[in-house]
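Protein sequence lines, in the order shown, are assigned to chains A and B.
Counting in the working numbering, the first sequence runs from 1 upward without gaps.
Counting in the working numbering, the second sequence runs from 290 upward without gaps.
There's no promise every hint is true.
SDA-like mimics (lysine to any residue), calculated; alpha carbons at most 25 Å apart, straight line [unchecked claim]:
id : chain 1 : residue 1 : chain 2 : residue 2
1  : A       : Lys190    : B       : Glu455
2  : A       : Lys110    : B       : Asn460
3  : B       : Lys453    : A       : Ile228
4  : A       : Lys174    : B       : Ile425
Covered by chain B, per the in silico footprint, the following chain A stretches (three or more residues, Cβ under 8 Å) [to be verified]:
id : segment
5  : 107 to 114
6  : 121 to 129
7  : 148 to 159
8  : 162 to 171
9  : 174 to 184
In short, the hints are calculated from the structure, not lab data.
Glycine included, each C-beta is placed from N, C-alpha and C at the ideal position.
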Amino acid sequence: MSFREKLTSGKFTVTAEISPPKGTDITGMMKEAGMIKDVVDAVCVTDNQRALMRMNPLAACSALSHEGFETIMHMTCRDRNRLALQSDLLGAANLGIKNVLVMSGDYPTKGDHAGAMPVYDLDPVQLLGMISRLNSGFDLSGNSLLGKTDFFAGAVSNTELTEAAFIKLGKKVKAGARFIITQAVFDAGKFSGFMDKFQSAGGKQIRVIAGIIPLRSEKNAQFLNSNIAGVKVPDGVIRRLKSASSPGDAGIEMAADLIKELRGVCDGVHIMPVGTHENTRKLLEMAGI
Amino acid sequence: MIVSKQKEFRDILKTVKEKNIFIIGCGKCAKKQHLGGEPEVLEMKKKLKVSGKKVIGWTVLSSACNIGSWDEVLSQNPAVGKAEALLIMSCGGGVSIISSVAPQSAYPALDTLSLGGVCRDSVVMEQCNMCGECDIQFFAGICPIGQCPKGMRNGPCGGAMEGKCEVDERNCVWEEIHKRLESLGRLQLIEEIREPKDHSKRRRRD
Chain A
1 MSFREKLTSG KFTVTAEISP PKGTDITGMM KEAGMIKDVV DAVCVTDNQR
51 ALMRMNPLAA CSALSHEGFE TIMHMTCRDR NRLALQSDLL GAANLGIKNV
101 LVMSGDYPTK GDHAGAMPVY DLDPVQLLGM ISRLNSGFDL SGNSLLGKTD
151 FFAGAVSNTE LTEAAFIKLG KKVKAGARFI ITQAVFDAGK FSGFMDKFQS
201 AGGKQIRVIA GIIPLRSEKN AQFLNSNIAG VKVPDGVIRR LKSASSPGDA
251 GIEMAADLIK ELRGVCDGVH IMPVGTHENT RKLLEMAGI
Chain B
290 MIVSKQKEFR DILKTVKEKN IFIIGCGKCA KKQHLGGEPE VLEMKKKLKV
340 SGKKVIGWTV LSSACNIGSW DEVLSQNPAV GKAEALLIMS CGGGVSIISS
390 VAPQSAYPAL DTLSLGGVCR DSVVMEQCNM CGECDIQFFA GICPIGQCPK
440 GMRNGPCGGA MEGKCEVDER NCVWEEIHKR LESLGRLQLI EEIREPKDHS
490 KRRRRD
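If we strip away everything but chain B, and leave its shape as in the complex, we get (with noise of 0.2 Å):
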């Protein structure tokens, strides 16, 4: 899942000029963090209402990032033939698939952050970095590139006090990481040294 979170509100006020709105929704990742499903989209209108836009329709398409083709939606949702701007409440991924298809301007209503997922009912950020290369079974199922701020390869960084990460208070990843490989039986995998990551695997064009 693309874990992301809402703009603030008077920030997308300020970049949206335009006055007559469509807001288009996520069924998918966006409404599962409760970012861009049905409930949200309505308090979005309501708000943009009071700020003087005029929404002249909204929409939550079952998964933003997944469009046949621009006539598909105008011929579900008429109204946003006529919409000067589109507000887009889901991932940056499906501000980018309507903006390639959209003859006016997408503007994004949340910040993208990272790839997670949802784990026993909360969201879970950082899981994975895209990196084009996967080794998770060498960390027991724990990204160390995803989840590790340094992206450490090898082992904890000296900034780890008490098995606290440095930068935020999330346990340090690689006493998780110990932990768990241990349980696995399989700690010699933590003694090996792993190499540089091959960064031209991320982010390819083929």
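For reference, chain A alone in the conformation it holds in the complex (with noise of 0.2 Å):
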């Protein structure tokens, strides 16, 4: 079953964060995706993540769809322009990714080439308008397309928005996200707050996919918290970490926890480990999938 129909029948499905290498060897993604083989409905191959320079994904996520993964492909707008974002969905499309999840990007100042110009023709919401149009069998300037696609767009959202950013999210919906993968969750709570109000604003249709984070240690989490936007580990678990005799278990079993919890909650769990995926296999287990 495709990640589209298990996610779309209600199933509830799982992703992992992949990324390619800095660097034309692929050896150690498809390591890493190794890993998680089998255990995940796909895998999501980010798109020159924190404005670090790496391989394009659409070549990562070719190579690990030979290998039989099934790929989400991350597009940002930060570096290409229209023309370049529609030909490269294009080329996507021919080499069989049915999956997109789109995104502004990290700023290019944030990144390994600060002085870049950063691009941003397109916002998200223009940019899965865009990728509706495509599929619907014209280009951006309404030109027919010889073959159109048949892409699974999504979008990526905080859970503790402001009105602008809630909004905002809505819009992507309206534009033609299906699915909506999260940033790093640590409060069920608060993530049923955020769910109750997507849903009652009309989200009801659009599949959640939380995001999870195991954390590592109390120094991860304090990092995660100063330098990564939208994640706020909560005092509790840091104060778990801290007083754990090993904190890197305690982070899987807390992540494990949380995912039962997610279950009746929302529609999947997106996992993106700091480092490798070596624990990834374990955590679903524990978790109960």
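Dock chain to chain to rebuild the complex, using the hints, since each chain is given by itself in its own frame.
If you want it as structure tokens, here you go:
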């Protein structure tokens, strides 16, 4: 069953993040993916995440699909104008990539090519709208396509949103987002609040996959709190990591408990470990998946 | 107003190889920002002299980007004819206009940053992106192309944390737009999807 079929049929779906290599050697990436083979429904392949230059996710997705993985290709608005975005999407469709996750992309000054021209020709709402047009057989200028795309497009969201950000999330759905992958969740109660608000604002048909980061240490949690937008590790979690004899194990345990709690709340989880996927299989087993 | 900043003096020295220099300030935006008025021109003259250059004259034009003819500049400042190089303390617009009429090389003393303004005595940057198709009324008079580093037209990006921009310490401009639209009773405008900009309207040569 494909990622799209599973998610839309209401079955609890598991995705995991994979980063393309900084270089041409994909051995490490394939090894990473190998660790989660058959326990995730799709691998989510990042697009120069944190504005650090890496291999194009299009090529990485293609390599992964040759090894039997279903992929979700990240697509940021940071590096390409509407011509490049569309031609990459047509190329992706030709390579058999079915799922796209749209986001604005961290600003270039955050990464390793600080002097790069920030493009942002389209914003995520407009990019989602453009994918909807490609899916209906037309490009952004209204020209007919010789063969249309059939992307299952998603968007990202934080779970603690200002009113302005919540309105934007609604616009992403209106523009064509069929699923949402959220920033890392640590508090099931607060996350339920987000789900209630989203669903009562008309998001009932939209599948929501909650981001999960198994924390490794107190230091790791503090780093995420101060450096990653939209991540808020609660004090209680930090205290537990601090007092644990093995903080790594405590982090996995907490993540597994959280996944169990989220099963009745949302449509899936997205595992984003800090570092490698060495513990992802164990985490999912502990969570009863 | 065109917002500029002073170049590092050592960078100016690195590029200006000529000895006999004529300095031209600008009485408009650069003067207002204390970057190209008489005091700044005199300060530049002093520094160039200390560095072994010969400043053979100086002037502050009423507007460096609005010159009738080079003859007019020459008639009011005969020394400029003897200069090997001109150092222009204005925005890039001024340097370009002077370059187009002067026989010597013109060097910029400022870096041009954005189209901004002055409000309550402080310089505000990046108010306008000169996109060629103004629709600021949809955003309560706060241009997201000019003020949001990512130019987001449909709402804030996910990088904003507690109302602060991910790029610098400024408030997320989308929070300001939301607040102002609310106070104007026009919040429905933020819910409408804004289509991609037509960039062919920008920098068009007619």
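Evaluation of the provided hints:
Only pairs whose Cα atoms come within 25 Å are accepted, and Lys190 (chain A) paired with Glu455 (chain B) is accepted, the gap being roughly 23 Å. A C-alpha spacing of about 18 Å is found between Lys110 (chain A) and Asn460 (chain B), which places the hinted pair at or below 25 Å, so the restraint holds. At roughly 13 Å between alpha-carbon atoms, Lys453 (chain B) and Ile228 (chain A) fall within 25 Å of each other, so this suggested pair holds. Taking the CA atoms of Lys174 (chain A) and Ile425 (chain B), the gap is about 23 Å. The hint holds against a cut of 25 Å.
For the segment 107 to 114 of chain A, the assignment as covered by chain B holds, since 3 residues bring a beta-carbon within under 8 Å of that chain's beta-carbons and 3 suffice. Only residues whose C-beta sits within less than 8 Å of a C-beta in chain B count toward coverage, and the segment 121 to 129 of chain A has 7 of them, enough to reach three; the restraint holds. Counting residues of the segment 148 to 159 of chain A whose CB falls under 8 Å from any CB of chain B gives 3; the rule of at least 3 is met. With 8 residues bearing a CB less than 8 Å from a CB of chain B, the segment 162 to 171 of chain A meets the requirement of three and the coverage assertion stands.
Only residues whose C-beta sits within less than 8 Å of a C-beta in chain B count toward coverage, and the segment 174 to 184 of chain A has 3 of them, enough to reach three; the restraint holds.
Consistency note: the structure conflicts with none of the earlier hints.
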